[in-house]
Amino acid sequence: MSSGRLVRLYRQNKPRSHVSWYGMEGTALLHTHETSSQRSHWISIAREFPGTTVWVIVFDTPYDVSSNPLPPSRGRCCPPLIGDDSWLCRYYAPPPQMHPRFVRRGCGTVSRASFIAFSDHSYIDYLGRFQGKTTQQ
Amino acid sequence: MHVLSRFASTMEPPRPREGYDKLISLTLEEQPSAGYTRQDVLAILQRLRDSPSVRVNAHGTQGTIQPPRKQVDG
Numbered sequence: 001m002s003s004g005r006l007v008r009l010y011r012q013n014k015p016r017s018h019v020s021w022y023g024m025e026g027t028a029l030l031h032t033h034e035t036s037s038q039r040s041h042w043i044s045i046a047r048e049f050p051g052t053t054v055w056v057i058v059f060d061t062p063y064d065v066s067s068n069p070l071p072p073s074r075g076r077c078c079p080p081l082i083g084d085d086s087w088l089c090r091y092y093a094p095p096p097q098m099h100p101r102f103v104r105r106g107c108g109t110v111s112r113a114s115f116i117a118f119s120d121h122s123y124i125d126y127l128g129r130f131q132g133k134t135t136q137q
Numbered sequence: 138m139h140v141l142s143r144f145a146s147t148m149e150p151p152r153p154r155e156g157y158d159k160l161i162s163l164t165l166e167e168q169p170s171a172g173y174t175r176q177d178v179l180a181i182l183q184r185l186r187d188s189p190s191v192r193v194n195a196h197g198t199q200g201t202i203q204p205p206r207k208q209v210d211g
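Protein chains in written order, with the numbering used here: chain A, 1 to 137; chain B, 138 to 211.
Since the hints were made in silico from the structure, they are not lab data.
What you are looking at is a predicted structure, and each value in this text was computed from that prediction instead of being measured.
Positions of the beta carbon are idealized from the N, C-alpha and C atoms, including for glycine.
There may be inaccurate statements among the hints.
Here are the computed distance ranges between Cβ atoms for each label pair [said to hold, decoys possible]:
#: 1; chain 1: B; residue 1: 154; chain 2: A; residue 2: 49; range: 19 to 27 Å
#: 2; chain 1: B; residue 1: 148; chain 2: A; residue 2: 50; range: 29 to 37 Å
#: 3; chain 1: B; residue 1: 142; chain 2: A; residue 2: 44; range: 28 to 36 Å
#: 4; chain 1: A; residue 1: 42; chain 2: B; residue 2: 162; range: 12 to 20 Å
#: 5; chain 1: A; residue 1: 48; chain 2: B; residue 2: 170; range: 22 to 30 Å
#: 6; chain 1: A; residue 1: 51; chain 2: B; residue 2: 142; range: 21 to 29 Å
#: 7; chain 1: A; residue 1: 36; chain 2: B; residue 2: 187; range: 19 to 27 Å
Partial list, computed: chain B residues near chain A (C-beta under 10 Å) [said to hold, decoys possible]:
#: 8; residue: 147
#: 9; residue: 167
#: 10; residue: 168
#: 11; residue: 182
#: 12; residue: 185
#: 13; residue: 186
#: 14; residue: 188
#: 15; residue: 189
#: 16; residue: 190
#: 17; residue: 192
#: 18; residue: 193
Excised from the complex, chain A in its bound form (with noise of 0.2 Å):
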């Protein structure tokens, strides 16, 4: 299921759906950028920002682990939730909550959720420019 069609049925909240997203019911397997050329979408949205550079982080992870139930303590078959609070309200209102059945999950879940902020990461160049936009203004 692409991250698109994820948010869609969460906006449409419904109750029966087959997602686990934040209280909602379910299972969900996301398989985004798993081919070349749904990457090169992405590739292309930031080279039309000059002076960007593309990170890509693989987590190398065989299928069969995550089919595997894990004890709640190791949530290592997900990657970690990574962004910053104003940006996932956009999409998630309210805010997402660490949901006591998400946490519980064996296989596909996030014991612990880390936000991180782009200042924390330090992306001098994009943030310096956005911020001198900014303050130009």
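Since the structure of chain A is already known, use the hints to place chain B on it.
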């Protein structure tokens, strides 16, 4: 399991010619077993920042990253 198997079969590993600048791959052993802490995430980002550029230009050779354009005041 069937769906996961299908995902695995359609997965295309990233290649430098796709146009990204940096890439790191985290093996299962490199992924924290107790979930990601804030320090884990920042360490991964730092590792990515320190990794060499792998960007390949249209001719298939490794190129350089263009510095960001400077803002022109006024």
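Hint-by-hint comparison with the structure:
A hinted range of 19 to 27 Å for the beta carbons of residue 154 (chain B) and residue 49 (chain A) is consistent with their spacing of about 21 Å. Hint check: residue 148 (chain B) to residue 50 (chain A), Cβ distance near 31 Å, so the stated range 29 to 37 Å holds. As the Cβ distance of residue 142 (chain B) to residue 44 (chain A) is approximately 30 Å, the hint placing it in 28 to 36 Å holds. A C-beta distance of roughly 18 Å is found between residue 42 (chain A) and residue 162 (chain B), which places it inside the suggested range of 12 to 20 Å.
Between residue 48 (chain A) and residue 170 (chain B) the beta carbons are some 39 Å apart, a value that contradicts the proposed interval 22 to 30 Å. Distance hint check for residue 51 (chain A) and residue 142 (chain B): the Cβ-Cβ separation is about 41 Å, which falls outside the suggested range of 21 to 29 Å. The beta-carbon spacing between residue 36 (chain A) and residue 187 (chain B), approximately 26 Å, falls within the hinted interval of 19 to 27 Å. Because the closest C-beta pair between residue 147 (chain B) and chain A is about 6 Å apart, less than 10 Å, the hint holds.
The closest approach between the C-beta of residue 167 (chain B) and any C-beta of chain A is roughly 8 Å, which is under the 10 Å cut-off, so the hint is satisfied. The interface hint given for residue 168 (chain B) is met, as the beta carbon of that residue sits about 4 Å from the closest beta carbon of chain A, less than 10 Å. For the restraint placing residue 182 (chain B) at the interface with chain A, the shortest Cβ-Cβ distance is roughly 4 Å, inside the 10 Å limit, so the hint holds. Proximity of residue 185 (chain B) to chain A holds as hinted, the smallest CB-CB distance being about 5 Å (cut-off 10 Å).
Given hint, residue 186 (chain B) at the interface with chain A, holds; its Cβ is 8 Å from that chain's nearest Cβ, closer than 10 Å. Restraint check, residue 188 (chain B) versus chain A: the minimum CB separation of about 9 Å is within 10 Å; hint holds. The interface hint given for residue 189 (chain B) is violated, since its Cβ lies 12 Å from the closest Cβ of chain A, which is over the 10 Å cut-off. Interface hint status for residue 190 (chain B): upheld, as the beta-carbon distance to the closest one in chain A is roughly 8 Å, under 10 Å.
A hinted interface residue such as residue 192 (chain B) counts as satisfied when its beta carbon comes closer than 10 Å to some beta carbon of chain A; here the least separation is about 8 Å, so the hint holds. The interface hint given for residue 193 (chain B) is broken, as the beta carbon of that residue sits about 12 Å from the closest beta carbon of chain A, more than 10 Å.
In summary, the structure is inconsistent with hints 5, 6, 15 and 18 from the numbered list given earlier, while agreeing with the others.
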